[in-house]
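Engineer: Work out the full structure: start from the sequences and follow the hints.
Residue-level listing of the chains:
2 protein chains.
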Amino acid sequence: MTFTLHRSQSSGSSPRRGSLKTAHGAIETPFFMPIATKGAVKTLSSADMAGLGAGILLSNTYHLYMRPGLEIMQKAGGLHRFMNWSGPILTDSGGYQVFSLSKMRTLSEQGVEFQSPWDGSKHMLTPEKSIAIQQTLGSDIVMAFDECPPYPCEKKYAHEAVERTTRWAQRSQEQFQQKIADQPNRGQLLFGIVQGSVYADLRAQSARELQAIGFDGYAIGGLAVGEPTESMYETLASTLEELPADKPRYLMGVGKPENIVQAVRLGVDMFDCVIPSRNARHGLAYVWREKNAASDSAAAPKSAPLSGAAFYETVHITNEKNKTAFTVLDSACGCLACGGGYTRAYLHHLFRVGEALGQRLLTAHNIKFYLDLMTRLKGAI
Amino acid sequence: MTFTLHRSQSSGSSPRRGSLKTAHGAIETPFFMPIATKGAVKTLSSADMAGLGAGILLSNTYHLYMRPGLEIMQKAGGLHRFMNWSGPILTDSGGYQVFSLSKMRTLSEQGVEFQSPWDGSKHMLTPEKSIAIQQTLGSDIVMAFDECPPYPCEKKYAHEAVERTTRWAQRSQEQFQQKIADQPNRGQLLFGIVQGSVYADLRAQSARELQAIGFDGYAIGGLAVGEPTESMYETLASTLEELPADKPRYLMGVGKPENIVQAVRLGVDMFDCVIPSRNARHGLAYVWREKNAASDSAAAPKSAPLSGAAFYETVHITNEKNKTAFTVLDSACGCLACGGGYTRAYLHHLFRVGEALGQRLLTAHNIKFYLDLMTRLKGAI
Chain A
1 MTFTLHRSQS SGSSPRRGSL KTAHGAIETP FFMPIATKGA VKTLSSADMA
51 GLGAGILLSN TYHLYMRPGL EIMQKAGGLH RFMNWSGPIL TDSGGYQVFS
101 LSKMRTLSEQ GVEFQSPWDG SKHMLTPEKS IAIQQTLGSD IVMAFDECPP
151 YPCEKKYAHE AVERTTRWAQ RSQEQFQQKI ADQPNRGQLL FGIVQGSVYA
201 DLRAQSAREL QAIGFDGYAI GGLAVGEPTE SMYETLASTL EELPADKPRY
251 LMGVGKPENI VQAVRLGVDM FDCVIPSRNA RHGLAYVWRE KNAASDSAAA
301 PKSAPLSGAA FYETVHITNE KNKTAFTVLD SACGCLACGG GYTRAYLHHL
351 FRVGEALGQR LLTAHNIKFY LDLMTRLKGA I
Chain B
1 MTFTLHRSQS SGSSPRRGSL KTAHGAIETP FFMPIATKGA VKTLSSADMA
51 GLGAGILLSN TYHLYMRPGL EIMQKAGGLH RFMNWSGPIL TDSGGYQVFS
101 LSKMRTLSEQ GVEFQSPWDG SKHMLTPEKS IAIQQTLGSD IVMAFDECPP
151 YPCEKKYAHE AVERTTRWAQ RSQEQFQQKI ADQPNRGQLL FGIVQGSVYA
201 DLRAQSAREL QAIGFDGYAI GGLAVGEPTE SMYETLASTL EELPADKPRY
251 LMGVGKPENI VQAVRLGVDM FDCVIPSRNA RHGLAYVWRE KNAASDSAAA
301 PKSAPLSGAA FYETVHITNE KNKTAFTVLD SACGCLACGG GYTRAYLHHL
351 FRVGEALGQR LLTAHNIKFY LDLMTRLKGA I
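Read top to bottom, the protein sequences are chains A and B. Just so you know, the first sequence maps onto residues 1 to 381 in full-length UniProt numbering. Just so you know, the second sequence maps onto residues 1 to 381 in full-length UniProt numbering.
It should be emphasised that the hints constitute simulated quantities derived from the structure, not laboratory data. It should be emphasised that the depicted structure is a prediction, and the values quoted were computed from it without experimental measurement. Not one of these hints is a red herring.
Away from chain A, derived, C-beta distances all over 10 Å, residues of chain B: (1) 19; (2) 21; (3) 107; (4) 266; (5) 279; (6) 312.
Now the in silico label distances, taken between C-beta atoms and shown as ranges: (7) A:100 / B:319: 29 to 37 Å; (8) B:319 / A:230: 50 to 58 Å; (9) A:157 / B:313: 52 to 60 Å; (10) B:163 / A:334: 54 to 62 Å; (11) B:2 / A:50: 40 to 48 Å; (12) A:75 / B:313: 21 to 29 Å; (13) B:340 / A:157: 41 to 49 Å; (14) B:101 / A:320: 23 to 31 Å; (15) B:319 / A:110: 32 to 40 Å; (16) A:318 / B:117: 15 to 23 Å; (17) B:177 / A:320: 35 to 43 Å.
Ideal Cβ placement from N, Cα and C applies to all residues, glycine included.
Structural biologist: Structural data, given as structure tokens:
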């Protein structure tokens, strides 16, 4: 069994703990994946990530395909060796990036044609191509190639996108099953991606059609793209009801700490989001509201209240009041910043004078906060 | 004795090993000081610096006075605590920066008036002020406030600058001796700075006058400011002859690895330079020419030839040929990059896609190269 639930679940809508086996080790669910877009979590090394206790990283197929490109990845022997990370890696399919980052993209049944924003060269990303790239990267979890429509989205278009996503998922699965001559299967897993915007019936259709094809896990895509939070939770809850209990469920690109708490309550197992790292680079840090929260959680994790957004606060490090704040962000935190003894006043100074070390220390801190959040959530289930 | 030579020297112009005692520990000479301009070695934390084996850091009085300013430094309890570095720190006097970075500076006998490049505010830096700032910073080695003339420099002006530097050195020493009410002397040392451009007689005059005042050590300033290398070596050799053998000698802002080798041969004990860190940020790495040089040096340091610039080479990491170079920069190096297993191909990729991690790993590598160079030089004396 690739995925094992620690408690059997009668319904799709309750929190759950499990274990997901990959070719690079097992990870306890629910978990959060820090984002190493271009083969590095911005400002941090793979050794830093291991030190923070990250269990799995996410990398971007689109970015790595563009630079350094497949030839380098092949010669490097895959992404793990290239970035020197021995834990599991999930790669997205590139679909989302093709839509959000490329100029002059043209969608067809075949796939998406697009122009490189770096050198203007033309490329075509198809389900077959996306999977083949991910096979070359050697990621532990491969994502099917999907179409993620924007929000808001007319129901007619959302319906077309769901059906195209199903056909692309089928082609993704077929490519995944093919043995590539010089790329042996490395125990990779393939996940399908449920689309359907905020329409419950389309989400149900998408979930049913993907299950008919059969995947190692199911992702919920196309959320947190601008819809109201309540709408996201409703769509998520109804979608989860349509997914099998015995497969891991991955909510893509979500989100704020309170979103993750709520999604775990609803039965999601996997998360990724740029929020902790991107906010860190802009000087915003997450800290537990209670004193010594992290150590409390280690001692008595189940007592920690994680309702709403009340369990944490955000620190704007460039705020004037941090100029003379000679305490670390969180004395119970074990990140490079807090564990290293770097005060808020020092971080404030580093941001004010533009020293990149400030961004690095805050990124490490925020990722640790998210990882600690998952630890607390696991403890609370 | 603050400074102890391991072998007594009959002449001022031969290589020497010694030990310099400071309030934050003793350091073996000759040594190199990585530059933490604004309270951080660019991209690296104090923990990183300790990991690389740096024995002492250099920080800039001018920059720290401008930002975060003295009030913060006072409240922080000094620079060591502010940046969380428990080893020794040397601070420059700010004179060089006032001349090179400030707009609308006006030199007078009193000191230098200048305008902040950040907010346009007017400031005055005098010998008394510079020393008082460094007393607040609590650096282990305080530098006298000097005038560093540009190159080339008319002899008449160089002469005036020498005499002003002597008068300022006297005032620096007087300020240094005063007990500041709320800033107890923390076992700080005060160094004088020899000026005189490339004129041997002016250098001799400057060295004599400073010794008459009396300092814990003597720096040679105003070199590597554009003069030919041979001229720098000649001036350095003649100046060293004028300095007492029993005090540490610090060659400011120099330089390339071969410059350091030559200066150590002539009897210099201390160095600082932005070259390793600045070049790293531009993608240039230093590596030993011999295979396994670093491990060889540990085993048989005296056999290592360090003549000319032949003992090392520079690697331009963005060079196309590094795209598929799946080896570390130097397999015998213990830096964050090489010891961490990050290949040249990965570093190349990080630089090409603009990931700050690349700059960090290369900075760590180059600083380790400079520190290893000093270890090899110590072994060869």
